[in-house]
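In order, the protein sequences belong to chains A and B. 321 is the number that the working numbering gives to position 321 of the first sequence; each next residue is one higher, with no gaps. 1042 is the number that the working numbering gives to position 42 of the second sequence; each next residue is one higher, with no gaps.
Calculated directly from the structure, the hints in this document are not laboratory data. None of the values given here were measured: they were computed from a predicted structure. All residues carry an ideal CB built from backbone N, CA and C; glycine is no exception. It cannot be assumed that every hint is accurate.
[Said to hold, decoys possible] With beta-carbon atoms standing in for the labels, derived distance ranges:
1. A:Asp108 to B:Arg1278: 16 to 24 Å
2. B:Thr1381 to A:Arg197: 26 to 34 Å
3. B:Pro1064 to A:Asp108: 31 to 39 Å
[To be verified] Covered stretches of chain B, as calculated for chain A (at least 3 residues, CB under 8 Å):
4. 1109-1118
5. 1196-1205
6. 1224-1231
7. 1249-1257
8. 1272-1280
9. 1340-1348
There are 2 protein chains.
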Amino acid sequence: MRAMVDVSRRAFLGTLGIAGAFAGGGAAGAALGLWGSPSPAAAGGSSAQRIPFRGPHQAGITTPAQDRLVFSAFDVNAAAFDQLRAVLDRWTEAAEAMTAGRPVGPGDDDPAAPPSDTGEALGLPPSRLTITIGYGPSLFAHPALRPRRPAALKPLPPFPGDRLDPLRSGGDIAVQACADDPQVAFHAVRNLARIGRGVVTTRWVQLGFGRTSSTTADQQTPRNLMGFKDGTRNIRADETEALDRYVWIGTESDQPWLVGGTFLVVRRIRMLIEAWDRDSLQDQEQVIGRFKVSGAPLTGRDEFDPPDFSATCGGEPVIPRDAHIRLASAEENDGVRMLRRGYSFTDGMDGTTGELDAGLFFISFHKDPEIFVSIQRKLATSDALREYLVHTGSGLYVCPPGLKGGQTWGAQLFG
Amino acid sequence: MRAMVDVSRRAFLGTLGIAGAFAGGGAAGAALGLWGSPSPAAAGGSSAQRIPFRGPHQAGITTPAQDRLVFSAFDVNAAAFDQLRAVLDRWTEAAEAMTAGRPVGPGDDDPAAPPSDTGEALGLPPSRLTITIGYGPSLFAHPALRPRRPAALKPLPPFPGDRLDPLRSGGDIAVQACADDPQVAFHAVRNLARIGRGVVTTRWVQLGFGRTSSTTADQQTPRNLMGFKDGTRNIRADETEALDRYVWIGTESDQPWLVGGTFLVVRRIRMLIEAWDRDSLQDQEQVIGRFKVSGAPLTGRDEFDPPDFSATCGGEPVIPRDAHIRLASAEENDGVRMLRRGYSFTDGMDGTTGELDAGLFFISFHKDPEIFVSIQRKLATSDALREYLVHTGSGLYVCPPGLKGGQTWGAQLFG
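Just chain A, same shape as in the assembly (with noise of 0.2 Å):
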């Protein structure tokens, strides 16, 4: 920490009057403004977008996949359990202030003080940020939120081939920011660790990108990094019924609270590029089961075909038994469907291998995590497509729904 102003620079700012810009709560505030004020030229694009805050879900679930992530976890130091209701209102004040393209904090900062919002988004617009919290099953380990934890959220099994690092598994608290520029993202989640400093602490981060289509009219399923579409056969926001089936806690949950909630699974699946890489594009057709430039199912034409897995050619099925879209199908999955949400990431190189550690931060959203637990039993023991994939990091949380008007996070959560 560097030390104290001293005396002779607070005098010079107090007698030239550049201080008093920010002295005053209105003045500041005006200044500070420019945050919610996008450029004319940015307000004619998708950046300018405000997503609501509030709603019967949360945002950043159902909300069309912005193009960056920063997904942090956090654990509560246990000393400070009695201050995680007041984080969590702080939290919902600054995430609703930031959503909407404005600093966090009333704008009156005291110059003497640390500023209250870190400053780099300052000019930014909205684009299109979400917020969305979910809670870990160890958070419910204490005894004044014991009596609020969903019986189905407990941690993960272990899947075969699971190699997770416990620095990037698991927490108390998941927070996913999502946003159409990594700057706005990435000041979301930083400025909740610093309200929340002393009471929670980071434990892991993970970011992630898409490509950019959702910045054009243009939403074209996006490539993941081996190559291929990722998502063509993902719920899509408008179909209610299978929402509501697949994706949101229902009335019969054992937690009213929760209800119209969901929970979140978050797998970070590296793949092992070069060996793809060096593999033919018939096998990696084959593994997939889909075409790798149109995306098509290996039965198919366009990629919005619907695959048939019945289809045979001497006498062997055309999407191989061990292909990755038969296994996750809802056809060989009792009609089962998830809601996805991945993110690309690359995070440099993995020292040991001299490999690029990249891949999919996968991320999920079931009424149930049975749903994902079943699949994926399957697909760890099964799926061609294992050979290429190393899951490295993995959490289960359950999302709340949506706050009603003036609601906080810390009444929602602790009733």
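Given chain A's structure and the hints, the job is docking chain B onto it.
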């Protein structure tokens, strides 16, 4: 690696005629040609823009900064040095294709062979991709290249406070890929690494991001993760006199092949943002020498007001003696100016401190690396900002000039 494709799969593809789409150069070219045809929606934005690959100088130096960076340093495997020229020639061809928005390779992929392009950028526009190459001092240790080494190309000296990670420093060859889409930039570096396999090995990779202003008409100075505008006094692309004076290697060079080139300095500068965030607004502004919201120097009202380093108040300089902008200024460095191209980075948590590993990936270009050395020596000993910074990576490379029509990087380097 997956086993060979079994016969039934091949037979199936042959029978159904689907493989036929990939069998002939023409058809496959048409399919892969998707990549070069940005969607109409995207065509209106900057993402559709192509930056010319050839010219008197390399692209990516004075090119207005794209939003995303993937920087990669490679080492040449000594045993395969005789193949380096061929790799550089293939890199040239691939870089020219990718910056034009085309896939790598001829497009007549044999389905039984690995695809010539990894595919994750299929369907994405050029996104202003630039690929800039530089050569480190270690490359010229090889007898074949010793006569081509400029005398000024030697490792940077150690600076006080450096905590350099050798796995984030140096390297025989540097590749800077910048684009408005991170997937496009990543795709570029990944495909070069793939082409070079066996001859070059990736030593380290750094991802970076900036604000998205360049996707709009609004070219504001970006803010770094300290929340301050960064780059206000940067040399602009149209200041040709300053570029000739401080950036481009001139005819006085000891290596005529490098005229029109430049020296590339990279520094991975971690910011101790937790400490910074606890500092008062006033003190932050004194450390930098500018106001946080407006970006104006402490002696001015607007961002582009020239700082008045001689102004005093009560006997003390208004812009403190140790303020960052004073020590780095042309006024205090014999008029010398720098061309900078910084990107923010966040690489998750630092396991040893539990703090965010985030900061600025500093990139600068100089006619003579001594320009950087003399300023950095001053900053490392006197800059008020040094308390909040740790340099964790470093590199110096010489960038050759741009390629003439038909010329390759291999021919240019080996002469």
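Quick rundown of the hints versus the structure:
1. A:Asp108 to B:Arg1278: 16 to 24 Å: 19 Å, holds
2. B:Thr1381 to A:Arg197: 26 to 34 Å: 31 Å, holds
3. B:Pro1064 to A:Asp108: 31 to 39 Å: 36 Å, holds
4. 1109-1118: holds (count 9)
5. 1196-1205: holds (count 6)
6. 1224-1231: holds (count 5)
7. 1249-1257: violated (count 0)
8. 1272-1280: holds (count 7)
9. 1340-1348: holds (count 4)
Hint check: a violation occurs at hint 7 only; the rest are consistent with the structure.
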